[in-house]
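The task is simple: from the sequences and hints, build the whole structure.
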Amino acid sequence: MIFVFAIFLLSLLVITSIAIVRTTNLFVAVMLTSIFSFLMAANFFILDAADVALTEAAVGAGVTTVIFLCALALTGEREKPRINGRKTARVAVAILASLMIYATFDKPRLGDPDAPVHQHIAPWYIEKTTEHMDFPNVVTAILSSFRGYDTLGEVFVVFAACIGVLFILGVPPPAQKRLNKVVEQNKGLRHHLIPQVVGRLVIPFIVLFGLYTQFHGEYGPGGGFQAGAIIATGIILYALLEGENKALQAVPRSVLLGMVIGGALLFGSVGVICMFMGGNFLEYSVLSADPIWGQQLGILVIEAGVGMAVCGALLSIFHAFAARENVS
Amino acid sequence: MKLLELLGYFNYWVFAIVLMVGLYAVISKANLIKKLIGLSIFQSAVFLMYITMDKVEGGTAPIIQKGVENQIFSNPLPQVLILTAIVVGVSTLALGLAMVVRIKESYGTIEENEILDAD
Numbered sequence: 003m004i005f006v007f008a009i010f011l012l013s014l015l016v017i018t019s020i021a022i023v024r025t026t027n028l029f030v031a032v033m034l035t036s037i038f039s040f041l042m043a044a045n046f047f048i049l050d051a052a053d054v055a056l057t058e059a060a061v062g063a064g065v066t067t068v069i070f071l072c073a074l075a076l077t078g079e080r081e082k083p084r085i086n087g088r089k090t091a092r093v094a095v096a097i098l099a100s101l102m103i104y105a106t107f108d109k110p111r112l113g114d115p116d117a118p119v120h121q122h123i124a125p126w127y128i129e130k131t132t133e134h135m136d137f138p139n140v141v142t143a144i145l146s147s148f149r150g151y152d153t154l155g156e157v158f159v160v161f162a163a164c165i166g167v168l169f170i171l172g173v174p175p176p177a178q179k180r181l182n183k184v185v186e187q188n189k190g191l192r193h194h195l196i197p198q199v200v201g202r203l204v205i206p207f208i209v210l211f212g213l214y215t216q217f218h219g220e221y222g223p224g225g226g227f228q229a230g231a232i233i234a235t236g237i238i239l240y241a242l243l244e245g246e247n248k249a250l251q252a253v254p255r256s257v258l259l260g261m262v263i264g265g266a267l268l269f270g271s272v273g274v275i276c277m278f279m280g281g282n283f284l285e286y287s288v289l290s291a292d293p294i295w296g297q298q299l300g301i302l303v304i305e306a307g308v309g310m311a312v313c314g315a316l317l318s319i320f321h322a323f324a325a326r327e328n329v330s
Numbered sequence: 014m015k016l017l018e019l020l021g022y023f024n025y026w027v028f029a030i031v032l033m034v035g036l037y038a039v040i041s042k043a044n045l046i047k048k049l050i051g052l053s054i055f056q057s058a059v060f061l062m063y064i065t066m067d068k069v070e071g072g073t074a075p076i077i078q079k080g081v082e083n084q085i086f087s088n089p090l091p092q093v094l095i096l097t098a099i100v101v102g103v104s105t106l107a108l109g110l111a112m113v114v115r116i117k118e119s120y121g122t123i124e125e126n127e128i129l130d131a132d
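Respectively, the protein sequence lines represent chains C and Y.
Just add 2 to wherever you are in the first sequence, counting from 1, and you've got my numbering.
Just add 13 to wherever you are in the second sequence, counting from 1, and you've got my numbering.
Think of the hints as simulated: they come from the structure by calculation, not from any bench.
There could be a bad hint or two in this list.
[Stated by the list, open to error] Okay, derived cross-link-like pairs now, EDC-like style, lysine to aspartate or glutamate, Cα gap no bigger than 16 Å in a straight line:
1. Y/Lys79 / C/Glu81
2. C/Lys109 / Y/Glu125
3. C/Lys82 / Y/Glu125
4. Y/Lys48 / C/Asp136
5. Y/Lys79 / C/Asp114
6. C/Lys130 / C/Glu220
7. C/Lys82 / Y/Glu70
8. Y/Lys79 / C/Asp136
9. Y/Lys48 / Y/Asp132
10. C/Lys130 / C/Glu285
11. Y/Lys48 / C/Glu81
12. Y/Lys79 / C/Glu129
13. Y/Lys48 / Y/Glu124
14. C/Lys82 / Y/Glu18
[Unchecked claim] With beta-carbon atoms standing in for the labels, derived distance ranges:
15. Y/Met112 / C/Ser100: 31 to 37 Å
16. Y/Gly71 / C/Phe217: 29 to 35 Å
17. Y/Val81 / C/Ile170: 35 to 41 Å
18. C/Arg24 / Y/Glu127: 17 to 23 Å
19. Y/Leu20 / C/Ile20: 35 to 41 Å
20. Y/Glu125 / C/Asn247: 45 to 51 Å
21. Y/Asn83 / C/Tyr151: 40 to 46 Å
22. C/Ile20 / Y/Tyr120: 38 to 44 Å
23. Y/Leu20 / C/His193: 48 to 54 Å
24. C/Asn247 / Y/Leu20: 22 to 28 Å
We treat Cβ as the ideally placed atom computed from N, Cα and C, and that holds for glycine.
Printed below as a string of structure tokens:
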């Protein structure tokens with residue numbers, strides 16, 4: 003039964019992706035991308051990846067859509083049709099697609115327990131999680147401890163991308179186009195009753211759920227990345243309802259920047275502290291006399307760092323786009 | 014049985030088609046925002062392939078329950094890789110969009126051929 007449902011969802015995924023490419027209205031394309039992300043999240047969930055589904059739903063369907071819409075407001079939503087070169091592209095893509103489908107017959111079939119991916123290191127991770135950390139979620143264990151270096155790198159990539167966006171959009175727009183512009187205040191949806199009432203009801207629960215995923219990440223699906231994204235969507239919803247300035251009053255820019263920098267530093271400094279206490283970089287076992295408790299403590303702290311960095315970065319990016327004056 | 018075996022590859026076919034749809038948007042569309050949308054579809058297709066590989070028949074999400082013996086878990090490693098990749102994906106996408114916004118301000122258009130003509 004679940005198999006049929008999976009095939010249904012995957013077919014919808016293909017249809018949505020083709021619709022996204024075919025439409026010439028970019029607003030429609032962005033809305034379809036949001037649906038695409040939700041379908042993707044449902045597929046991830048069917049394929050046993052609960053943590054990934056949570057992230058995709060919060061980031062793909064929530065934050066990405068809002069950032070796309072902010073960019074569309076600055077660039078215009080009509081796409082001009084283009085005639086030349088389409089045929090070549092179609093032929094090239096069709097040939098590549100059939101080659102790739104031909105190649106899939108060499109892959110192990112879906113769910114094959116003897117597939118090479120499942121032989122190498124994954125069983126070791128599953129076996130050792132209870133021994134080293136003594137908590138149930140293997141994904142969190144790998145993310146924050148076994149492969150902590152990777153995660154540290156990813157946090158720094160998010161940090162760097164956020165700084166990049168702030169630099170690119172921090173420069174004021176060309177001066178000659180700004181003359182005679184009336185600066186209008188973004189009032190959000192303050193005069194629309196239904197979004198206002200529903201939004202006000204929902205925001206506290208979104209933030210609460212974000213905090214739950216943050217601190218319950220060792221026991222169920224969740225962790226810093228998901229929590230950061232979910233809390234960011236809650237605050238973005240507030241900004242959409244009340245106008246951007248109100249949201250900046252609640253959480254000012256300096257706090258957001260502090261969260262990005264502080265989160266990345268917190269992660270890095272836990273690694274350095276481990277070195278000072280006689281272990282390797284990011285070897286949390288030395289943080290406490292009891293190695294299991296040391297691991298749990300280290301993971302709790304670095305997950306908090308990840309959550310802060312992701313939440314701060316996504317919100318800074320959103321505000322950078324939302325605050326940009328429209329010069330066209 | 015033969016049909017079911019063949020459907021075991023269905024996820025990979027969807028991966029191939031969605032990947033190519035994304036690539037088509039990147040190479041054939043002139044609008045820069047459309048190109049970025051295509052790029053994110055391309056990226057999602059790669060995520061789908063990784064997560065497809067993690068599935069083990071009869072397995073559950075890799076969250077260990079105490080007191081239950083002989084559980085089968087799906088592979089947690091691809092999940093970790095993709096989880097972080099999704100968040101990194103949105104930040105790099107935002108970087109691309111920021112550049113598009115600046116291009117629009119300088120050139121007054123985001124159609125690739127018009128930008129090339131203006132240069």
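A quick look at each hint next to the structure:
{"no.": "1", "hint": "Y/Lys79 / C/Glu81", "result": "violated, 55 Å"}
{"no.": "2", "hint": "C/Lys109 / Y/Glu125", "result": "violated, 38 Å"}
{"no.": "3", "hint": "C/Lys82 / Y/Glu125", "result": "holds, 10 Å"}
{"no.": "4", "hint": "Y/Lys48 / C/Asp136", "result": "violated, 45 Å"}
{"no.": "5", "hint": "Y/Lys79 / C/Asp114", "result": "violated, 26 Å"}
{"no.": "6", "hint": "C/Lys130 / C/Glu220", "result": "holds, 15 Å"}
{"no.": "7", "hint": "C/Lys82 / Y/Glu70", "result": "violated, 47 Å"}
{"no.": "8", "hint": "Y/Lys79 / C/Asp136", "result": "holds, 10 Å"}
{"no.": "9", "hint": "Y/Lys48 / Y/Asp132", "result": "violated, 20 Å"}
{"no.": "10", "hint": "C/Lys130 / C/Glu285", "result": "holds, 15 Å"}
{"no.": "11", "hint": "Y/Lys48 / C/Glu81", "result": "holds, 11 Å"}
{"no.": "12", "hint": "Y/Lys79 / C/Glu129", "result": "holds, 13 Å"}
{"no.": "13", "hint": "Y/Lys48 / Y/Glu124", "result": "holds, 10 Å"}
{"no.": "14", "hint": "C/Lys82 / Y/Glu18", "result": "violated, 44 Å"}
{"no.": "15", "hint": "Y/Met112 / C/Ser100: 31 to 37 Å", "result": "holds, 34 Å"}
{"no.": "16", "hint": "Y/Gly71 / C/Phe217: 29 to 35 Å", "result": "holds, 31 Å"}
{"no.": "17", "hint": "Y/Val81 / C/Ile170: 35 to 41 Å", "result": "violated, 51 Å"}
{"no.": "18", "hint": "C/Arg24 / Y/Glu127: 17 to 23 Å", "result": "holds, 22 Å"}
{"no.": "19", "hint": "Y/Leu20 / C/Ile20: 35 to 41 Å", "result": "violated, 21 Å"}
{"no.": "20", "hint": "Y/Glu125 / C/Asn247: 45 to 51 Å", "result": "violated, 35 Å"}
{"no.": "21", "hint": "Y/Asn83 / C/Tyr151: 40 to 46 Å", "result": "violated, 32 Å"}
{"no.": "22", "hint": "C/Ile20 / Y/Tyr120: 38 to 44 Å", "result": "violated, 30 Å"}
{"no.": "23", "hint": "Y/Leu20 / C/His193: 48 to 54 Å", "result": "holds, 52 Å"}
{"no.": "24", "hint": "C/Asn247 / Y/Leu20: 22 to 28 Å", "result": "violated, 53 Å"}
Of the hints listed earlier, those the structure fails to meet are numbers 1, 2, 4, 5, 7, 9, 14, 17, 19, 20, 21, 22 and 24, in rising order.
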